[in-house]
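Enquirer: Please work from the sequences and hints to get the whole structure.
For the sequence shown, counting from 1, position 256 maps to 752 in the numbering used here; every step adds exactly one.
Please keep in mind that the hints were generated in silico from the structure rather than gathered at the bench.
There may be inaccurate statements among the hints.
Listed below are the simulated DSS-like cross-link pairs for lysine-lysine, each with C-alpha atoms no more than 27 Å apart in a straight line [claimed, not checked]:
id : residue 1 : residue 2
1  : 809       : 751
2  : 780       : 759
3  : 702       : 780
4  : 809       : 537
5  : 809       : 603
Derived CB-CB ranges, DEER-like [stated by the list, open to error]:
id : residue 1 : residue 2 : range
6  : 606       : 660       : 23 to 31 Å
7  : 627       : 536       : 30 to 38 Å
8  : 585       : 833       : 24 to 32 Å
9  : 631       : 788       : 28 to 36 Å
All C-beta atoms in this analysis are idealised placements derived from N, C-alpha and C, irrespective of residue type, glycine included.
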Amino acid sequence: MNKSAQIFIGVTAVVVVILTALIYSKTPLPGEVEKTRQPEKATLAYVTTTPAVLAGIALHQGYYRQEGLEITARPHTFGKAALEDMLEGSADFATAAESSIMMAIMKGESISILATIQTSNRCNAIVARIDSGILRPEDLKGKKIATTPGAPPDFFMDAYLSRHGIAREEYERVDLEPESLQDALVSGQVDAVSVCQPFLIQMEKKLGDRVVSFYDENIYTWTFNVVAKQEFVRNNPEKAKKLLRALVLAEEFVKEDPDEAQKIVADNSGMDPSLVGEIWPNMKFNVTLNQFLVLALEDESRWAIDSGIIAKKKIPNFLDYIYFDGLEAVKPKAVRMLR
497 MNKSAQIFIG
507 VTAVVVVILT
517 ALIYSKTPLP
527 GEVEKTRQPE
537 KATLAYVTTT
547 PAVLAGIALH
557 QGYYRQEGLE
567 ITARPHTFGK
577 AALEDMLEGS
587 ADFATAAESS
597 IMMAIMKGES
607 ISILATIQTS
617 NRCNAIVARI
627 DSGILRPEDL
637 KGKKIATTPG
647 APPDFFMDAY
657 LSRHGIAREE
667 YERVDLEPES
677 LQDALVSGQV
687 DAVSVCQPFL
697 IQMEKKLGDR
707 VVSFYDENIY
717 TWTFNVVAKQ
727 EFVRNNPEKA
737 KKLLRALVLA
747 EEFVKEDPDE
757 AQKIVADNSG
767 MDPSLVGEIW
777 PNMKFNVTLN
787 QFLVLALEDE
797 SRWAIDSGII
807 AKKKIPNFLD
817 YIYFDGLEAV
827 KPKAVRMLR
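Expert: Written out as structure tokens, the structure reads:
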């Protein structure tokens, strides 16, 4: 081979290497393609206070957008209102307690539960006025007790009173919306209220030594969940997975920096930071699908039927309302349900 040919081959080889490098430098790596696209739009109805910590953290930290979702937030004070917002078509996703989800399913709504995002066995209590002669659980017999029908404190109240030998006909039940409970107790309209966090701790702080609170960590585990309509999930499975990925990132953030997470919750909700700090140790922040969720839905549906809160008499198969594919793709070890 003459010298000219060697030079030509050498130059050609260099050009090929340069062109190849340029081509690969402009080719996104696997997993980067999705993040270079324009984010998909979705709407989330969520509770801004302590029940939906991960949803709020993901919004504040930009995790939804990081995972390819442009979220329009619709803030609410109560999970029931957030769920109704979604069912009415104003939101794609919502955060709600399992009792509200159970009630909606029993009424015929087609809901998909994507994941549980928060749990607590010390989220509900009965707060009673001492000047009504209430010092022990047994003293609740014959008293006026207010709660919100079908909400977690309603289930807790019935289970708690039953455990202490007080039948439904042995106290006067008063049905009120959550925002009316504190005023009813303060004014003396009722002797006690069954209430959940964060309104529970706010009530305790406001009334101080004028009230006594009755907790029981062994009769009820409250769950807060993220849900969507079944039709929406069928048509938008990737949006569901992106939302779950963002919530998992929020879970990791909460574990790594709980102090900053508490500050974010206090700032976003307007709550006193010290109250957020008191509630925090009683909450578990994990994105899961656990067997106890199905058991809770079944227990509460039986209770709703027995207590006459709902007319339907047949308990549905709640596994039909769980969306497994999303979390199995995002965090497979967190799916612990028998099916």
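Enquirer: Hint by hint, say whether it matches the structure.
Expert: Against the structure, the hints:
As the CA atoms of residue 809 and residue 751 are separated by approximately 42 Å, the hinted pair breaks the 27 Å bound. The hinted pair formed by residue 780 and residue 759 meets the criterion: a straight-line CA distance of about 17 Å does not exceed 27 Å. Pair hint residue 702 plus residue 780 holds up; C-alpha atoms about 26 Å apart against a cutoff of 27 Å. Note on residue 809 and residue 537: the hinted pairing is violated, with a Cα-Cα distance of about 39 Å set against a maximum of 27 Å.
Under the criterion of a C-alpha separation no larger than 27 Å, the hint pairing residue 809 with residue 603 is consistent with the structure, at around 11 Å. Checked against the given bound of 23 to 31 Å, the beta carbons of residue 606 and residue 660, roughly 38 Å apart, lie outside it. Hint check: residue 627 to residue 536, Cβ distance near 56 Å, so the stated range 30 to 38 Å is violated. The supplied range of 24 to 32 Å is met by residue 585 and residue 833, whose beta-carbon atoms lie about 29 Å from each other.
As the Cβ distance of residue 631 to residue 788 is approximately 33 Å, the hint placing it in 28 to 36 Å holds.
When held up to the earlier numbered hints, the structure conflicts with 1, 4, 6 and 7 and fits the remainder.
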